[in-house]
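Each residue of the sequence shown is one higher than the one before, starting from 1 at the first, in this note's numbering.
If you are wondering where the hints come from, they were derived from the structure by calculation, not from laboratory data. Every residue gets a Cβ at the ideal spot worked out from N, C-alpha and C, and that includes glycine. Treat the hints loosely; a few may be bogus.
[To be verified] Label pairs and their in silico Cβ distance ranges: (1) 150 with 117: 26 to 32 Å; (2) 36 with 107: 16 to 22 Å; (3) 41 with 147: 33 to 39 Å; (4) 156 with 127: 18 to 24 Å; (5) 7 with 45: 19 to 25 Å; (6) 118 with 47: 24 to 30 Å; (7) 78 with 147: 18 to 24 Å; (8) 29 with 139: 37 to 43 Å; (9) 2 with 25: 28 to 34 Å; (10) 158 with 25: 35 to 41 Å; (11) 150 with 28: 41 to 47 Å; (12) 147 with 25: 34 to 40 Å; (13) 154 with 37: 32 to 38 Å; (14) 28 with 149: 43 to 49 Å.
[What the hints assert, rightly or not] Here are the simulated lysine to aspartate or glutamate pairs, DMTMM-like style, with alpha carbons at most 20 Å apart: (15) 107 with 45; (16) 155 with 115; (17) 63 with 158; (18) 7 with 111; (19) 63 with 154.
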Amino acid sequence: MDKKFLKEQFQSPESIGIYFGNLRGEPVLGSDNVSATKYLSSGDDIADSVKCACFVANRLKGKAEVYGFFRGDNPIVSNPNVTDENQHYFAVVDKRFIVDLWIFHNKGENELVYDLQDSNDKTEIITRYGNPRLWSWLGHDGIVSPYSQSYPLEKRIEFVRREKTNEISVEYS
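Just need the whole structure built from these sequences, with the hints factored in.
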């Protein structure tokens, strides 16, 4: 799996089945959609970052996990599209790619997929998602805080320094 594949899967409104619907999620057409809400093909409101992240994880079963953070817990996040929200969630695919439907389809950001192993993406990742050590993980039983003893070690993501190149990279415990 690579960035190109992930963009093809999630970038266009058609690829994720976006439709306009009423408050019950029922599709509306024509002039009726003036006050309509945008929904994913799953019937979930695309304005909810948790629902967007879960949509990606469900479509890529076994390949994606949902992570996120509360704004106050991740102070180095500086992107106003994220800092204006109380919390923000996104999918991490193959422990490498951040796929953020919400920020792309709701806030008009130029990029949908970020590569945690690509040094060209590092600044944008830090601006939007901050420190991975501060990311909560969404498991089957709910959101697990990064400070919780029940946070699975294999789900942790950290930036580390490699001595040889002094380049920041991402490694998984």
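Hints versus structure:
Distance hint check for residue 150 and residue 117: the Cβ-Cβ separation is about 28 Å, which falls inside the suggested range of 26 to 32 Å. Evaluation of the 16 to 22 Å hint for residue 36 and residue 107 yields a pass: the beta carbon distance comes to about 19 Å. Hint check: residue 41 to residue 147, Cβ distance near 35 Å, so the stated range 33 to 39 Å holds. Between residue 156 and residue 127 the CB atoms are about 21 Å apart, so this pair conforms to the stated range of 18 to 24 Å.
Between residue 7 and residue 45 the Cβ separation comes to about 23 Å, which falls inside the hinted range of 19 to 25 Å. Here the CB-CB span from residue 118 to residue 47 is close to 29 Å, well matched to the stated 24 to 30 Å. Taken as a hint, the range 18 to 24 Å holds for the pair residue 78 and residue 147, whose Cβ atoms sit roughly 22 Å apart. Checked against the hint of 37 to 43 Å, the pair residue 29 and residue 139 passes, with Cβ atoms roughly 39 Å apart.
Take residue 2 and residue 25: their Cβ atoms lie about 33 Å apart, and the range 28 to 34 Å holds. Taken as a hint, the range 35 to 41 Å holds for the pair residue 158 and residue 25, whose Cβ atoms sit roughly 38 Å apart. About 42 Å separates the C-beta atoms of residue 150 and residue 28, a value consistent with the hinted range of 41 to 47 Å. Look at residue 147 against residue 25: about 35 Å separates their beta carbons, and that is inside 34 to 40 Å.
Restraint check, residue 154 to residue 37: a C-beta distance of roughly 37 Å satisfies the suggested window 32 to 38 Å. A C-beta distance of roughly 47 Å is found between residue 28 and residue 149, which places it inside the suggested range of 43 to 49 Å. For the hint linking residue 107 to residue 45, the alpha-carbon distance of about 14 Å falls within 20 Å, and the restraint holds. Pair hint residue 155 plus residue 115 holds up; C-alpha atoms about 17 Å apart against a cutoff of 20 Å.
Restraint check for residue 63 and residue 158: satisfied, since their Cα atoms lie roughly 19 Å apart, inside the 20 Å limit. Proposed proximity of residue 7 and residue 111 is supported: the alpha carbons are some 9 Å apart, at most 20 Å. As the CA atoms of residue 63 and residue 154 are separated by approximately 14 Å, the hinted pair is consistent with the 20 Å bound.
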